[in-house]
Structures are given as C-alpha cells and as structure tokens.
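Chains as they are written, first to last, in UniProt numbering: chain X, 1 to 377; chain E, 1 to 377; chain A, 1 to 377.
Don't take every hint at face value.
The list cannot tell twin chains apart, which means a pair is met if one copy fits it or any two copies do.
To be verified - Under the rule of at most 25 Å between Cα atoms (straight-line distance), these lysine to aspartate or glutamate pairs were calculated in the DMTMM-like manner:
#1 K94 / E275
#2 K278 / E268
#3 K129 / E275
#4 K247 / E126
#5 K129 / E243
#6 K94 / D251
#7 K129 / D251
#8 K164 / E268
#9 K129 / E69
#10 K247 / E127
#11 K213 / E35
It should be emphasised that the hints constitute simulated quantities derived from the structure, not laboratory data. Keep in mind it's a predicted model, so treat the numbers as computed, not measured.
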Amino acid sequence: MDFFSLFLMDFVKQLQSPTLGFLIGGMVIAALGSELVIPEAINQIIVFMLLMKIGLTGGQAIRNSNLTEMILPAAFAVAVGILVVFIARYTLAKLPKVNTVDAIATGGLFGAVSGSTMAAALTLLEEQKMPYEAWAAALYPFMDIPALVTAIVVANIYLNHKKKRRAAGESLSKQEYLSKQPVAAGDYPNQEDYPSSRQEYLRKQQSADNRVKIWPIVQESLQGPALSAMLLGIALGLFTQPESVYKSFYDPLFRGLLSILMLVMGMEAWSRLGELRKVAQWYVVYSVVAPLVHGFIAFGLGMIAHYATGFSLGGVVILAVIAASSSDISGPPTLRAGIPSANPSAYIGASTAIGTPIAIGLAIPLFLGLAQAIGGS
Amino acid sequence: MDFFSLFLMDFVKQLQSPTLGFLIGGMVIAALGSELVIPEAINQIIVFMLLMKIGLTGGQAIRNSNLTEMILPAAFAVAVGILVVFIARYTLAKLPKVNTVDAIATGGLFGAVSGSTMAAALTLLEEQKMPYEAWAAALYPFMDIPALVTAIVVANIYLNHKKKRRAAGESLSKQEYLSKQPVAAGDYPNQEDYPSSRQEYLRKQQSADNRVKIWPIVQESLQGPALSAMLLGIALGLFTQPESVYKSFYDPLFRGLLSILMLVMGMEAWSRLGELRKVAQWYVVYSVVAPLVHGFIAFGLGMIAHYATGFSLGGVVILAVIAASSSDISGPPTLRAGIPSANPSAYIGASTAIGTPIAIGLAIPLFLGLAQAIGGS
Amino acid sequence: MDFFSLFLMDFVKQLQSPTLGFLIGGMVIAALGSELVIPEAINQIIVFMLLMKIGLTGGQAIRNSNLTEMILPAAFAVAVGILVVFIARYTLAKLPKVNTVDAIATGGLFGAVSGSTMAAALTLLEEQKMPYEAWAAALYPFMDIPALVTAIVVANIYLNHKKKRRAAGESLSKQEYLSKQPVAAGDYPNQEDYPSSRQEYLRKQQSADNRVKIWPIVQESLQGPALSAMLLGIALGLFTQPESVYKSFYDPLFRGLLSILMLVMGMEAWSRLGELRKVAQWYVVYSVVAPLVHGFIAFGLGMIAHYATGFSLGGVVILAVIAASSSDISGPPTLRAGIPSANPSAYIGASTAIGTPIAIGLAIPLFLGLAQAIGGS
Numbered sequence: 001m002d003f004f005s006l007f008l009m010d011f012v013k014q015l016q017s018p019t020l021g022f023l024i025g026g027m028v029i030a031a032l033g034s035e036l037v038i039p040e041a042i043n044q045i046i047v048f049m050l051l052m053k054i055g056l057t058g059g060q061a062i063r064n065s066n067l068t069e070m071i072l073p074a075a076f077a078v079a080v081g082i083l084v085v086f087i088a089r090y091t092l093a094k095l096p097k098v099n100t101v102d103a104i105a106t107g108g109l110f111g112a113v114s115g116s117t118m119a120a121a122l123t124l125l126e127e128q129k130m131p132y133e134a135w136a137a138a139l140y141p142f143m144d145i146p147a148l149v150t151a152i153v154v155a156n157i158y159l160n161h162k163k164k165r166r167a168a169g170e171s172l173s174k175q176e177y178l179s180k181q182p183v184a185a186g187d188y189p190n191q192e193d194y195p196s197s198r199q200e201y202l203r204k205q206q207s208a209d210n211r212v213k214i215w216p217i218v219q220e221s222l223q224g225p226a227l228s229a230m231l232l233g234i235a236l237g238l239f240t241q242p243e244s245v246y247k248s249f250y251d252p253l254f255r256g257l258l259s260i261l262m263l264v265m266g267m268e269a270w271s272r273l274g275e276l277r278k279v280a281q282w283y284v285v286y287s288v289v290a291p292l293v294h295g296f297i298a299f300g301l302g303m304i305a306h307y308a309t310g311f312s313l314g315g316v317v318i319l320a321v322i323a324a325s326s327s328d329i330s331g332p333p334t335l336r337a338g339i340p341s342a343n344p345s346a347y348i349g350a351s352t353a354i355g356t357p358i359a360i361g362l363a364i365p366l367f368l369g370l371a372q373a374i375g376g377s
Numbered sequence: 001m002d003f004f005s006l007f008l009m010d011f012v013k014q015l016q017s018p019t020l021g022f023l024i025g026g027m028v029i030a031a032l033g034s035e036l037v038i039p040e041a042i043n044q045i046i047v048f049m050l051l052m053k054i055g056l057t058g059g060q061a062i063r064n065s066n067l068t069e070m071i072l073p074a075a076f077a078v079a080v081g082i083l084v085v086f087i088a089r090y091t092l093a094k095l096p097k098v099n100t101v102d103a104i105a106t107g108g109l110f111g112a113v114s115g116s117t118m119a120a121a122l123t124l125l126e127e128q129k130m131p132y133e134a135w136a137a138a139l140y141p142f143m144d145i146p147a148l149v150t151a152i153v154v155a156n157i158y159l160n161h162k163k164k165r166r167a168a169g170e171s172l173s174k175q176e177y178l179s180k181q182p183v184a185a186g187d188y189p190n191q192e193d194y195p196s197s198r199q200e201y202l203r204k205q206q207s208a209d210n211r212v213k214i215w216p217i218v219q220e221s222l223q224g225p226a227l228s229a230m231l232l233g234i235a236l237g238l239f240t241q242p243e244s245v246y247k248s249f250y251d252p253l254f255r256g257l258l259s260i261l262m263l264v265m266g267m268e269a270w271s272r273l274g275e276l277r278k279v280a281q282w283y284v285v286y287s288v289v290a291p292l293v294h295g296f297i298a299f300g301l302g303m304i305a306h307y308a309t310g311f312s313l314g315g316v317v318i319l320a321v322i323a324a325s326s327s328d329i330s331g332p333p334t335l336r337a338g339i340p341s342a343n344p345s346a347y348i349g350a351s352t353a354i355g356t357p358i359a360i361g362l363a364i365p366l367f368l369g370l371a372q373a374i375g376g377s
Numbered sequence: 001m002d003f004f005s006l007f008l009m010d011f012v013k014q015l016q017s018p019t020l021g022f023l024i025g026g027m028v029i030a031a032l033g034s035e036l037v038i039p040e041a042i043n044q045i046i047v048f049m050l051l052m053k054i055g056l057t058g059g060q061a062i063r064n065s066n067l068t069e070m071i072l073p074a075a076f077a078v079a080v081g082i083l084v085v086f087i088a089r090y091t092l093a094k095l096p097k098v099n100t101v102d103a104i105a106t107g108g109l110f111g112a113v114s115g116s117t118m119a120a121a122l123t124l125l126e127e128q129k130m131p132y133e134a135w136a137a138a139l140y141p142f143m144d145i146p147a148l149v150t151a152i153v154v155a156n157i158y159l160n161h162k163k164k165r166r167a168a169g170e171s172l173s174k175q176e177y178l179s180k181q182p183v184a185a186g187d188y189p190n191q192e193d194y195p196s197s198r199q200e201y202l203r204k205q206q207s208a209d210n211r212v213k214i215w216p217i218v219q220e221s222l223q224g225p226a227l228s229a230m231l232l233g234i235a236l237g238l239f240t241q242p243e244s245v246y247k248s249f250y251d252p253l254f255r256g257l258l259s260i261l262m263l264v265m266g267m268e269a270w271s272r273l274g275e276l277r278k279v280a281q282w283y284v285v286y287s288v289v290a291p292l293v294h295g296f297i298a299f300g301l302g303m304i305a306h307y308a309t310g311f312s313l314g315g316v317v318i319l320a321v322i323a324a325s326s327s328d329i330s331g332p333p334t335l336r337a338g339i340p341s342a343n344p345s346a347y348i349g350a351s352t353a354i355g356t357p358i359a360i361g362l363a364i365p366l367f368l369g370l371a372q373a374i375g376g377s
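Model the full assembly from the supplied sequences, consistent with the hints where possible.
As structure tokens, then:
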C-alpha cells in the first residue's frame, strides 16, 4: 500500500479512539448547553494522577536506561521551546491589531507543554502498539521551561525598549516644551529637576528590567502542580520500589481518568471560544496553524535523532506532540506573573479553545499516522 | 417449591446485597449522628461515572441490537411516566390539607427516574445473574421526560383555570361593586378602564400560560447532568470504540462507586425526614404506596411486552424499577423552574426521604423476586 | 544471621516502600515550595475508603473469628491509651514553659490513633508477607477513645483544681481587701453579696466541671468521620455480603489511595512545622520520643499477649504502631471541644509535623523489623 493511503487509514482509525471521542463529546455537550459539571477537585486529582503515573513510568524506565540517548532529543526539545516563542514574535506579533506583548505571551503558552495532551498521545501510542522510550515523557520540562523563560525574557526586553524610546521621546518633547517656554527661574525653582529625576527613575527601572531574573521563572515552572507531580513521580520511580501502587492504581486508572479529563477539556474549549472573539481574529489563525507548524519542526528534528542515535519513532511522535501542545495548567499562572501586562484572554483563549483541540484531535493522529507510515513503508 | 416461598427466599437473599446494605448503613449512621461526610464533588463524579457507564453499556449494545424490540417497552415507559402524574393529580391532590400544585409536582418527581436507583437495580440483576437487554437502561429518558413535561403542563393548566376562575369572580365582584356604587363620571375618569385593562393583562397572562412551552422542558431535562452523561455515554458507545476505558475503568469501578452513592442516599434520606414533617402527612402515605403501585403497573405492562415481543424478565424488572424510582438529581431543578409555586419541601422530602429508600430497599427486591419466581416456576 | 543485622536489613528494605516514599516525597516537594494541592474533598473520600476497607476486612474476619482471643489485646490497647495521657501529664507538662493543659491535650492526641498510620502499617505488613489477625485493626477504638476521654477528664480536673485554688485565693484576698476597707453599709448595699454570689457561681461551675461527662466524649469520638466509617465497615462486613464491592473496589484501590494520603500527610507535616516554632521547643523533643516510647510499651504488652494467647507477631506490630501513631482527623476536633482552653497549635503541630512522620517513617519499620527479627531468630 502506498504511503498516503497508509497514513489516511491510520488517521481515520485514531478518530474512533475513546480519547478523542471524549474530547469531541465534551465540545458537543457544551455546545448543546448540558449542565454536566466535573468538579474542579476532580480535575485537580486527575491531573495529579496522570502526571504522577507518567513520572513513575519515566522514573522506573530511567533506572534501566542509557541516559546519553536522551541528550540529543532533550537538546532538540529545548531548541523547539525557544524557537516557538521567536516564531510568534516575528509572525503573530507583526499582524495587524495584534498587541506585541500578547503575541509573545501566546507564543510562550504554545511553546509550553500540556500534560493532558501528552497523556493523550501516550495512550494513543499504546493503543496503536507503537513502542517509545519510557523516558520520552521526561522531555516535557526540557521544552516547557525554556519556552516560558524565553517568552518572559523577550516580552520584558520588548517592553523595556518601548519604554526607553518613549522616555527618550518624552524627555525630548519636554526639552522642546521647556525651550519654548519663557522660564522664570525664581518662580519654578524645581522645574529643571523634574525631567532629570524622572530620567533617573526611568533609568533605574530600565536597569531593573534589563536584568530579567531567569531563575525565579524556572523555579516557578518547576513548582507548578503538573510539573512537580511529574518530577516527584520520576524521583519516586528512581529511588523507591513503586511497582505495587503503580500496577494496582496509577497504571490501570490512567486511561479512564484521561477520558474524563478529555471531556472537561472539550467542554472548556467550547466555553472559552467567547473569549477569543474579544481579541484579534489573527489569534484564531495562529492557534490553528501554530500547533501543526511546531509539531512538524519537532518531528523533523526528532527524525534527525531517529537516524543519528536511534531515537524511536514513538519518541519522535511524543516530541512532535509536546511541541504541538500548548500549556493549560502550569503555563498561564507563570505567564500572568511574568508578563502582567499581557491580556490573558488572548493567550488562554487561543490555547484552550483552539490550540489544545487541534493538538489532540489533529496533531496527535497526524504525527502518529505519519510515523506509522514511515515505519510501515 | 411453591411460588411464594421462592419469592420470599429471593427477597431475603437480596437484603444482604452490599447495595442495600450501604443504603441502610447510611440511614443508620445518620440516625446515630455520625459526622461522616461524602463531599459533594465526589457525589457529582460518582453520578457522572455511573451514568456514563450505563450509557456506554447501552450504546455498545444498541450497535448490535434490533431496535424494533425497543418500541413496545419504550411506549410503555412513556405511558407510565404520564400516568403517574395523573395518579398523583387524582389521588394525592384530592387528599385533605394537600396543596394541588405540590401534589402534581410530587407526581412528576415520582414519575421521573432516578439514575442511582436504576444503577442499583442493574447491579442486583447482575448479582442474581438475571439477563436483561443492554438497551433497557435507555428506557430511562422515555419515562423521565414525559413525567416531568406532564407534571409541568398539568400544573400550569390547573393554575391557569384557578386564575381564570379567580379573575372571573374578581371581575364579577368588581362589576357588582361598581353597579352598587353611585358613579360620578367626572370624578373618576379612568375608573371603568381599570377592570378592562386588568382583564386584558390577565388575558395576556392566561394566553401565555395556555401555551406552556413543552420543548424547553424537554431540553432542560436532556441537559440535566445525569441524563446528559447517560446520553453522551450512549453516543460514545455507538460511535467510538470505548472498550478500553470501559473495561479498565467505568465497568470495574461501577459497583464500588454505587456503594458510596447508596451510603450518601441513605444519609440524605434520613436528613430529609425533617422536611417531610412540615407538609401534610399524606405525603408519607403516598411515598410508601406510590413506588409499589407504579412499579406494579409497569411490571404488568412489561409482562405484556414479555409475552408479546419476548422482552426479557430482567428488562421487565428494570421497567418496573424505573417506574418505582423517583428522581433525585435532574428532576428537582426542572420542577422548580417549571412549577415555581410548588413547595420543594413537599416533593423533595417525599422522594428522597421515603420514595427512594422504598424503591431501592423494597421495590427492587420485590420485582426481582417476582421475576425470578415467574421465571423459575 | 544475628538479630541486629536481620533487623537492620529489614529496616532499610522498608524505607524503599512506596508508602514511606510518598510521605518523604510530600515533605520534600512542600519544602521546595511546590504548588501541588490535593483537594480537601479528595482527602476526605480517601480517608473514608481506607477506613471502610479496614472495617470491611475486620468485619468479614470477625465473622469467622474466636473473639475471646481479642480480649487481652483489647485490654492492653485500653491500658496504653490511658497510660499515654498520664505519661504526658507527668513528663511533658512538668517541663519549663509548657502549659499543663496544652501538654495534657497533646498526650490525648498522641494516645489517640491515626487511621492513615494504621493503614500504612497494614500495607507494609502485607508487603512483607507478615500475617496478622484481621480483627487487629478493630483495636483502633479501644485505644483511641480511652485516650481522648482520659485527656479531657484529666484536663478538666486540673483546670478545676486550679480554679478552686484561684477562687480560694481570690475570695481570701477579697476578704482581706474588704476587711481593709471602711465599709459604709448604706452606700454599698450589695457589696457583701458580690463575693458570695461569685462564690456560688464558681461553686456551680466547679460542680459542673467535677462531673465531666464521659459519655458525650465517647459518643463524639464514635461519630467522628474516620471511626464511624470504620465501624460502619465492620458492621457491613458482619451483616452483609460485601465481597463483590470489596474485591472490585475497596481492596484493589487501597494502596494507591494510601499513597496519595501519605503525600498529603508529608506536605501537611512540612507546612505545620511553623506552628511548632510558636510553642515551647520541648514539644519537638516529646514528638520525637513519645511515639517510640508508646510503641515500645505496646510492643512489650503485645509480646505478653503473643506468649500468653498466641496473638500473632503481625498483631503485635499493629498494636505497637497504633500506640506510636497520633490522631490526625478525629482527635483534634474532639479535643478542641473537650478542652477549649488548650492551644491547638501545640498539639496539632506536634502530632502532624513530627509525631506522624516519626510514627510512619520510623516506628513502623522499627517495630516491623523487630517482629521479623524475633520471628526469624
């Protein structure tokens, strides 16, 4: 069978997966006005259990792994995380009616990783019996943190430049203004002080802004509930014998819990659509295109690692999916704290309402089908 | 062994079922003042998971079913749902100290279906290894929605008639009053307008009331959390391949989650007893007798379907139990919105404190025992 | 192999258990500032499910047990529960800067039992394949209730004596004061009444205090969420056939749910450390030493029962662990109600921040290792 028919068949098969079915089901019942509510406490514990399971799997695998294999994929993950922000900076941010800072924040969110999307990809890989390195999930923070750090740094540098320019313009016009005014020294004794003290204040501000502290951003990302659950799972997988709870609890419940979370994400995506209408329509275009572009870049880099160091095709799919995914849990609060002037409606709406459904419903089957077609051909 | 001893033995055996045990246990610990609390978020997710499981089972079964078999039982379900409201209208509502609108609302709630009670019946059927059509659970909305719609329509027609009569009496007495008064036209220029404008207002009101809109009630029922979870489950069972999550998650956890819900319902039943004391004691009599009467009517109709179209005895039990059950989740808010003048203490107290325990603890073993005795004799 | 090496090996092996791993992991991520939160609703349902499972196990076992075997261990449990309070009364309470009432309350909490710690011990016994009587978990209330009752009674007797002494001193000084004042009867007609009415009031108070009612304390303990879940489980295990839900739900989920609870307890322990700093540092010393002392006393009494009536070594470990444990759920509210003048920061901080981690992380492996060494040598 030729490459394209293989790919199409695999793609259609995956749409019947319960994972995608629950996502679409959630959107449909939200659109029909269902009053079904999954309580927030349940969402929180589901996210914990999914990422703990992913972490435990990874931790147990790392014990028996040759970690030098991980170096190239991890480096590519870092590269994609940083690149995604610059793509947003030089495409989305340049579009009409798009606020630059909002665009940079959106890039950060699309570069960051969604644990739920990754969980969905792992489930689909297992359903399709496609092998992957168990440590592949541990690539998550290598893409997530650089993306958030880069977005916050780039946004602050931009704001800084803008402020400098504005301050320069202001002091110029001030000087012009002053030069045009008849000055009566005795009357306004402190007048000349004003611009200079203002300039000093601005200079202080700028120097503070120039030194955007990177470590607090990294720390905040690592402390987020999703990432800290996964890292704890890795640590427990490495240093204890968690097989008994893993086999009786975290592993068997994984798919079912994921199905509930997919439902929630579908409902959430529908309810966030309204927020998107408030911002420029270019966000919609970006949210549809970006996951696929990011995914293809990562897929390409993953294939390099595949041929260079034997990185599995399943691993390539995971790398592509985490690139295609956009953060839903840990990303938004970190960005809100790091870029307080960005409009959360823009980046959260774009990610939750469009980015995530595209990543789960389109990018996962796409890259999985692609890998199967490459592996099968 | 004769029919009656067979029945008695089966009845006693079922009282040892954990499902009933947890229900009675909940009542006992609530009576003893236990501070045990099952958080509301847990109740919500349990109801979701039970009805999702029932829906998935049904949806997967419908794929392989001859749905023409379902026509007669579904028609009987609709008939029972409507009939139950009229029974309440012409028995409970006629009793002394019983408010007619409250009685109609109570009839609507007893005609509507409890997902938890149905889940308990399905579990007991499985424990007793009594086969039933997997689509039988899908009879739920066919009884639930007609009951709620009928109750709201009947209540509004009643309120309407009452208003008309009152308005007629009022305008009559107004006319009498006016005819008896010496009219001084110049003094009261707008006097004659008053009754006519009032009548117009009433006429508008009445015409609005006469057109009780049925579709919003149906829609609201379908959008309720319990029913929309079940319908989503049916859709996912029909259109996706949910076997993996069904077998690893929804199916194995079903009984355990049901045991927690039974405990909650037992505790809730005890705590609602107080509300019942506020309303006429006839509600207590109705709540004890009605589930059994409704169940026997449905059991009889089910037996007709059994002999006519081969509807299984297990299916007959399910039809009888959903008739005996009274709604606990989706019914009350729909009724509150549809009949705002009815007193929720009356209908919720009657259903939760007495109707549901009678349905689960008495009607399920009764109809199951009856079916086993019929099947075994 | 000699006794001590056997013991050391067992001790180290248990530190790799996931139960302890999650506890330590919780402390570590809390110390690192993780924002991971396990919602309160989840904690509540986990505690319910653990104690329901322990109760169901016990209830099913008691059906087939010779309960006369239970008499001696139960008597020892009562003795330890009472003794622990008196130990605190005559050690901790005598230390400098320690408030006597706070110390008695702390003793009550350390005498009371933690369901989660007991669950951890049962899990470790099963992991180590060490047999124990299934009714051993039912020793819980025999130690828990006497400890709380004793603490409340002892605290009230102490407060009473203090008040009497103070009242005596006060009325004396009042008399002295009065005797020194020039009395003008007409001016202060009610003056002499004051001390006498005050004394009457105090007398009434004292007589009320002298009759510290024991039954309400027992009742309140039994009604607490943890104990009433366990007792309900025992009752359901005794009187119904809960095997289906036990095998499909409560039993398989036990270890996994315990792992989440251990994580929560670790995080909670860390966050309570601050409270401990507010009270005298002797609480830290007490919290470290007391669990081991109490455990050794109970271990010794358990060994008497082992040689006298054949109480299993696993049962001895359970007796020692429930003595070492300090109550985390049901104890604090009972104590707060029974000894309102005690400072909760003192007893809750000591128990949660140090007592529980010591009991789980040190006492369980210690007594388990000791029993294995005794059994193996």
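Results for each hint:
1. For a Cα distance limit of 25 Å, the shortest separation of K94 from E275 inside one copy, 21 Å, qualifies, whereas the shortest one across copies, 53 Å, does not.
2. For a Cα distance limit of 25 Å, the shortest separation of K278 from E268 inside one copy, 17 Å, qualifies, whereas the shortest one across copies, 42 Å, does not.
3. For the homomeric pair K129 and E275, neither the shortest alpha-carbon distance inside one copy (39 Å) nor that between copies (52 Å) is at most 25 Å.
4. Within a single copy, K247 and E126 get their C-alpha atoms as close as 16 Å, and across copies as close as 16 Å, so both meet the 25 Å cut-off.
5. Both within a single protomer and between protomers do K129 and E243 lie at most 25 Å apart by alpha-carbon distance, with minima of 22 Å and 16 Å respectively.
6. With identical chains, the CA atoms of K94 and D251 are never at most 25 Å apart, being 45 Å at best within one copy and 52 Å at best between copies.
7. Taking CA atoms no more than 25 Å apart as the test, K129 paired with D251 passes in both settings, with 16 Å inside one copy and 23 Å between copies.
8. When the C-alpha separation of K164 and E268 is checked against a cutoff of 25 Å, the pair qualifies neither within a copy, at 40 Å, nor between copies, at 47 Å.
9. Within a single copy, K129 and E69 get their C-alpha atoms as close as 22 Å, which meets the 25 Å cut-off; across copies the closest is 39 Å, which misses it.
10. When the C-alpha separation of K247 and E127 is checked against a cutoff of 25 Å, the pair qualifies both within a copy, at 18 Å, and between copies, at 14 Å.
11. Taking the shortest alpha-carbon separations for K213 and E35, only the inter-copy value of 20 Å comes in at or below 25 Å, while the best intra-copy value is 44 Å.
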